[in-house]
Amino acid sequence: MSVNYGSKRVVVGAHYGLRDWLAQRVTGLLMALFTAILLAQVIFSKGSMGYDKWAGIFSTQWMKALTFCVIIALLYHAWIGMREIFMDYIKPAFVRLALQVFSIVWLVACAGWAIQVLWRL
Amino acid sequence: MSELSSSPRPKRPEFRNINAFNDLPGYRWPLASIVSGMHRASGLMMFLLMPFIIWMFDTSVSSEFSFARFTSAFNNGIGFVPGVVIKLVTLGLIWAYLHHFFAGMRHIRMDIFHTVSKEAGKKTAQLTLVLSLGLTVVLGAKLFGLY
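Protein sequences appear in the order of chains A and B.
Numbered according to my numbering, the first sequence terminates at residue 121, and the numbering increases by one at each position without gaps.
Numbered according to my numbering, the second sequence terminates at residue 147, and the numbering increases by one at each position without gaps.
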């Protein structure tokens, strides 16, 4: 593994950025899979959609575990995407840093809220 | 070589310090780049609206009582926000999700099959727009109670 910290960190060459590139795709696929599973449960379960049926989908332990993973995947996926947007369009270092810090706080707060909702079900 | 240097060609434009107002309007926007730009815009939109998305998740699953509040927000509005605004924002989110989904699948397809030709790029960009906009209309009609 190449050094990715300190003054001797590798910032160019093969595989630089590969981790984010791959993570973006893996987390995206996980969320796509979640979408398909959620959709299947909405479409194929019997009866009209109401509170019981909707909350019931999220109350099974395996669905909670999957949703938890998806929340974490979304957190990481959105961070990579936002970082990319900032790197492309925001040039002043201070503004970029401030926006990146804001994004992290925003995303972690959102993930915390979503996990809280999920885990008290 | 001599033919190349003898015939004077029109000078190609040079972009060094790109000025958003002077240079960007002259850029061409082929279909693939429209899809790409909208991929970013839809991602940013979902990032900014994430608290609203989690609010929907929270109120819809937490209790019978909150579920009633959730449905009433869409029909009668909530606080000072009328229901139609909630529905329009949701419609925007539906579009953003669908576009981001299909544009992402387009990328994964390119990564797996290495189909990165200009023609394939245009075709898959068309497909992305047709699928995302088509499904947005279908789901939007349901959202606004047209069927």
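Just so you know, these hints were derived from the structure itself, not from any lab.
Where hints are given, some of them may not hold.
[Said to hold, decoys possible] Keeping only pairs whose Cα atoms sit at most 25 Å apart, straight-line, the calculated BS3-like set for lysine-lysine is: (1) K53(A) x K64(A); (2) K142(B) x K87(B); (3) K64(A) x K91(A); (4) K53(A) x K142(B); (5) K46(A) x K122(B); (6) K53(A) x K87(B).
Against the structure, the hints:
Pair hint K53(A) plus K64(A) holds up; C-alpha atoms about 15 Å apart against a cutoff of 25 Å. In summary, the hint linking K142(B) to K87(B) is supported, as the alpha carbons are separated by about 11 Å, within the 25 Å threshold. Proposed proximity of K64(A) and K91(A) is contradicted: the alpha carbons are some 40 Å apart, above 25 Å. A hinted pair counts as satisfied when its Cα atoms are at most 25 Å apart, and K53(A) with K142(B) qualifies at roughly 19 Å.
Restraint check: the Cα-Cα separation between K46(A) and K122(B) comes to about 41 Å, which exceeds 25 Å; the hinted pair is violated. Distance hint between K53(A) and K87(B) is fulfilled; the C-alpha atoms sit about 22 Å from each other, no more than 25 Å.
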